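Let's have the full structure, built from the sequences with the hints guiding it.
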Amino acid sequence: AEEITVFAAASLTNAMADIEARYEATTGDAVTVSLAGSSALARQIIEGAPADIFISANSEWMDEVERVGLVEEGTRVDLLRNELVLIAHGLRAPAVEIGPDMDLAALLGDGKLAMALTNAVPAGIYGKEALESLGQWSAVEDKVVQSDNVRTALRLVAAGEAPYGIVYASDARAEPDVTVVGTFPEDSHQPIIYPAAGLKGEDRPAVDRFLEFLKGPEAKAAFERQGFQTLAE
Amino acid sequence: MLEVALSHTFAGFALDAEFTAPGGITVLFGRSGSGKSTIVNALAGLLTPQAGRIRLDDRVLLDTARGIDLPPHRRRLGAIFQDSRLFPHLTVSQNLAYGAFFAPKDAARESRDKVVEMLGIGHLLKRRPSALSGGEKQRVAIGRALLAAPRLILADEPLASLDEERKAEILPYFERLRDEVSVPILYVSHSASEVARLATTIVVVKDGRIVRKGRAEEVLSDPAVLPAGVREAGAILGARVLRHAEDGLTEVDAGGTVLFIERIDRPVGAPLRMRIHASDVILTREAPSGLSSLNMLHGTIEEVRAGEGADAMVALSTGGGRLLARLTRRSVASLDLAPGVAVYAIVKSVSVAPGDIAPGATEEP
Amino acid sequence: MLEVALSHTFAGFALDAEFTAPGGITVLFGRSGSGKSTIVNALAGLLTPQAGRIRLDDRVLLDTARGIDLPPHRRRLGAIFQDSRLFPHLTVSQNLAYGAFFAPKDAARESRDKVVEMLGIGHLLKRRPSALSGGEKQRVAIGRALLAAPRLILADEPLASLDEERKAEILPYFERLRDEVSVPILYVSHSASEVARLATTIVVVKDGRIVRKGRAEEVLSDPAVLPAGVREAGAILGARVLRHAEDGLTEVDAGGTVLFIERIDRPVGAPLRMRIHASDVILTREAPSGLSSLNMLHGTIEEVRAGEGADAMVALSTGGGRLLARLTRRSVASLDLAPGVAVYAIVKSVSVAPGDIAPGATEEP
Amino acid sequence: MTDWLGPEEWQAVALSLKVSFWATLASLPAGILTAFALARWRFPGRELLNGLVHLPLVLPPVVTGYLLLLTFGRNGALGAPLAELGIVFAFRWTGAALAAAIMGFPLMVRAIRLSIEAIDVKLEQAGATLGASRPFVFLTLTLPLMLPGILAGTILAFAKAMGEFGATITFVSNIPGETRTIPTAIYAFLQVPGGESAAMKLVLVSVAISMLAVLLSEAIGRRIASRIEGV
Amino acid sequence: MTDWLGPEEWQAVALSLKVSFWATLASLPAGILTAFALARWRFPGRELLNGLVHLPLVLPPVVTGYLLLLTFGRNGALGAPLAELGIVFAFRWTGAALAAAIMGFPLMVRAIRLSIEAIDVKLEQAGATLGASRPFVFLTLTLPLMLPGILAGTILAFAKAMGEFGATITFVSNIPGETRTIPTAIYAFLQVPGGESAAMKLVLVSVAISMLAVLLSEAIGRRIASRIEGV
Ligand SMILES: Nc1ncnc2c1ncn2[C@@H]1O[C@H](COP(=O)(O)OP(=O)(O)OP(=O)(O)O)[C@@H](O)[C@H]1O
Ligand SMILES: Nc1ncnc2c1ncn2[C@@H]1O[C@H](COP(=O)(O)OP(=O)(O)OP(=O)(O)O)[C@@H](O)[C@H]1O
Ligand code: MOO
Ligand SMILES: [Mg+2]
Ligand SMILES: [Mg+2]
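Residue numbers (this note's numbering), protein chains in the order written: chain A, 1 to 233; chain V, 1001 to 1365; chain S, 2001 to 2365; chain G, 3001 to 3231; chain X, 4001 to 4231.
Hint data in this document are derived by calculation from the structure and do not stem from the laboratory. Remember, it's a predicted structure, so these values are computed and weren't measured experimentally.
Over the 10 Å line for every Cβ pair with chain X, so calculated as not near, a few chain G residues: (1) LEU3005; (2) GLY3006; (3) LEU3085; (4) PRO3176; (5) GLY3194; (6) ARG3227.
Ranges of calculated distance between the beta carbons of each label pair, as one might list FRET restraints: (7) LEU3049(G) with GLU4047(X): 30 to 40 Å; (8) THR1009(V) with ARG3046(G): 20 to 30 Å; (9) ARG2240(S) with SER4226(X): 47 to 57 Å; (10) THR2020(S) with ARG1074(V): 49 to 59 Å; (11) GLU202(A) with GLU4084(X): 16 to 26 Å; (12) GLY3194(G) with THR4071(X): 19 to 29 Å; (13) GLU4008(X) with GLY3006(G): 40 to 50 Å; (14) GLU4084(X) with ARG3046(G): 44 to 54 Å; (15) THR183(A) with LEU4216(X): 50 to 60 Å.
Facing chain G, from chain V, some residues (calculated, C-beta under 8 Å): (16) ALA1044; (17) PRO1072; (18) LEU1077; (19) PHE1081; (20) ARG1085; (21) PHE1087; (22) TYR1098; (23) GLY1099; (24) PHE1102; (25) ARG1128; (26) ARG1144.
No residue lacks a Cβ here, since even glycine has one placed at the ideal position from N, Cα and C.
As structure tokens, then:
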């Protein structure tokens, strides 16, 4: 039995708890999961954090870690994929046809559209990209309120502070006070990918074991339960 | 008229005091730790005694039984504290203005300039308290209280940190307040000479209790009460400047008798009040000769009052007014002194100290 | 031997003082604001004067020219401040222990119990300073300084807030320090009676300058310097208790002459020191009779010193010791007093105040 | 110089100054009152108030922001009635100021309270005997004597307001020109790879402003001290 | 009762207590020294030090955390040499304590400094004339008289340490049992759907602990005050 440390994006909190328990039960290894923003985790890894595996919420930060040469060659995989959805406050919000023809501005009225930071946080970046490609951005730009992460944006909609918001499908699922009123077309933004990779260090079998486990059926089920799509074979 | 009844207990100290201050200067006299400042604090409203009543004229300031307890600022008692308590962030001039600002606009009050001059603080007006000497601070504190136009002045050892000369300058002002302005003053002191000089009424505090109270003359003639103060009892003689001799003496006329005092700076003809300490007076039945003492007054004994100890106080009427002499009972007996007896009173000129010469006419004829 | 030369300027005040304190009690005497506390602060090391030298015996405490400036704690001058400066977070007992703790273990020191008893603060030991009266605080401060076993005591008006009785109790202790312990004391005072009582040397400060310095007797006989203090010059007579009469007097034997004083609580045969104020003494060439005064001493004039004003100081030797009498120059002339002349000195018994009777033998024969 | 930072960044700087200034100024009266109450009065709920004042320190800023949202949001317990009166905090710079004020409140109150507790009550008593009523004593004596604490509290609150991020972004989000203060701008830069140097520029501006404020407060502090302690 | 929170949460609570305790205790000597230096000494660089002390307030916590990472990380300017000596902050609870200490430092220093400035120098002078050397005067007079400020500074720093999140998570990540304090645990809960109620439980625990600390400090404060102001 070995000990390994996994740095995982905070949005994976529930799934990772599930996977950690199952993995420990089957292998006897001990897993420590540190959950924080992808940017913080990446920087910590670059500064020498004792992490064995990194699961990022976007590709850029994994690229960054790779660029520094800390990713163990051949271990990087695109693990998960997420969808971007439009949510509305309340339980009975009518569905919205998401496409170039929609009038999001009218839908919002004088209300706000809650998103994550559109120039910094992945969900915000993808959301802005989607709105731009659908020709909506300039009309709603002034109505966008940006949070430091997706969960906060979700919370704004749940609390009714903003009537609509753009979040990940995985986040929207379990929030009782919001309704998913539409899903952004896959081609309206870059694919939302969660890559995973082993990090350079001593050669340790448990690291490979865990990476394999992540791709395995038990992990897949756990991810899917939280609303993620799994990619890796 | 101030009526006071207080009782209060600290761990290890119990105050139980009742007295009235009829007007003029009432001196609270007592040893260190006897409870004087505690009484002052209660009067000022800074300490609510466990039980008590305080009435000033027709205003009840405190009545614990009736639940009355006027806050300090509505009592309008100008307090001068043992520690000066000047406001450190204000200049001397602002400190002085502080009380004046809150004084009712129609209240009789001293002029600022007069007070400043009297206290000799004109050159300090722009300084802050931290740049003042101990005595300077206290002078400013006195000025501040005076300018607040208080209904009663509470002075807790106001002169203790002043030198004799400065005391001598300020004491007359308290006397003037007593005699002219008719602001009653409650004056805490442990200085027998201040007591003797100022007091209209004396209240003697001991271990938190009032052990003696009464008119100053009465209390002062009781050596048991004022062991260290007895030498200071005295009388005031009215006189008039006759001439300034070139050997440094000034001759004055005290009701027909010529007395010699240290030179004073008053014009010929000016009226004077001179305090003559009872213990500086020697009585003799025959006119003495060949004595170094220059001053002799002829008079008739009015009253002989024997104290509780070895002393007796003899009052005699002279041309210059009533004079007090303190003798031993043994001397009274051996000289056979009694009311009606004619005697000579010998007073050493030098014992009329400058501080005891107040310009102005005597009330006593 | 303390040698001091200081100059320092505040806005509006310039100090320029030079004096030596030869031992015993040197009194810095001067009006409020004259610079006494400034000198004390400079001595204690709390104020570095712009220029100056201070030497205590063979130790240089300060020499601005040579860049020497010992920090306060290495000067070991026990300071008693005008404001008591007790440590608020310590009990009285801890305040007392504070100085003692830092005193060199081999230093001669007073016993704590003795000091506590002498100052009458035994019942206060467990209190904190905030629960003390003004005078109580000052007594503790005195005790604290005494127990630090200082090389010199700096006392800045230590008794100003004490009552006469307490003063009378503490003054002898300073006298004892002066006479027995041989700790030199620099004593700031504006009280002429303290000056007269204590001073070995007097340094008179005025507006930041030393206007007079010298042995106490000399300075005290100069009325120009001590206008309010002249009445207090005096001499000390040695005496022995003869008997306590039932009329409240005590008879004492002063070198063969019987004197009468107010009853004192000393056993028959006990030696006494009595201070007799020069201005309480009347001289006569013939033995007078029929006088109320009971005390008369026969003596011979040793010296007549005319002051600058109207006064003269006459020293005479009596059986009980040397006596001083303050007369007017006019009386000196009219009685034709000169060295060698035999005179009678009349002293009123009551003017020997209890505070002026110190138990113990006189140094003067 | 203006080129050195983009217009959006200058906007963030200006906004941070505005938010911090008003947060500090507006919380001062409440800070003084609370400090005075805690220092001098004994009342039921005093300990509760004291604990409450410390809460913004104890809670993670996100939680404070969330609680602010629940309270002062459009649908919040206080937010809704206040909105009727035309007072809106949600998604406004005023909300950013509110968040900053609340986060700085414990610091301000403690500093002022320490100063009040150091005042010698005897001076205030002396003022009362001279005829000054309680409010006057407070204005003429207590307030001037507690200036050192007020100054310290002000500078702490201002500095905190300049740096506040978590509660602000949670409560009022990040709206350029409205609620996008320096810290949110910095945060955004740090979220993307390579954003460090842009972030550092803003950090420098923020540090410079705060250093100036600290220097200024020291100078004022010296004046106050020399007034109180003597020339 | 132990069921009410899971074992991981109890672990976070225990860790937060440990981190806050040590952060506060360890920064106290430095806090006292810095406050004393700022209050009493005039030295070149004084203003700089003063500004530096305020920095953790001014900077967004993320920036402070990042700077800490750069300085005390394994490869950091100080981190690497310190690691040689066996002192490691990176990703250890000691690092969480360091972050908390630094974030609370301005609060602690200001409170203590205010207390020092309120001390009457004349008392210290009196101590010196009684033979106490500077260090002794400091220990026997200055230190006891500045206790109110030390106490206030301690409680502020402790409360801040209990609530510190941004700098901690950025510097030492969120490692269960090592750096996962209450605030980071709360953060993790808030990142996932339905985590609010679990987060609120931790908030309550944190508030309860801090309330206790505040109450305790008030009680101690009253004792100190009654000592200084009289029975
Ligand atoms: N910090 C200061 N700045 C300016 N002037 C000062 C300062 N300290 C004292 N002085 C002035 O110096 C003079 C001497 O003060 P000092 O305290 O030595 O007087 P003192 O003789 O002790 O008086 P007192 O008997 O009233 O205590 C005074 O005129 C005082 O106003
Ligand atoms: N807060 C307190 N707690 C306990 N005892 C106190 C307190 N304040 C004063 N005392 C005691 O009460 C007594 C009276 O004190 P007070 O200050 O009234 O004396 P005082 O007559 O003014 O003395 P002084 O002439 O020395 O100023 C003293 O024995 C003092 O120790
Ligand atoms: O999962 Mo993230 O990095 O908090 O958007
Ligand atoms: Mg008193
Ligand atoms: Mg002085």
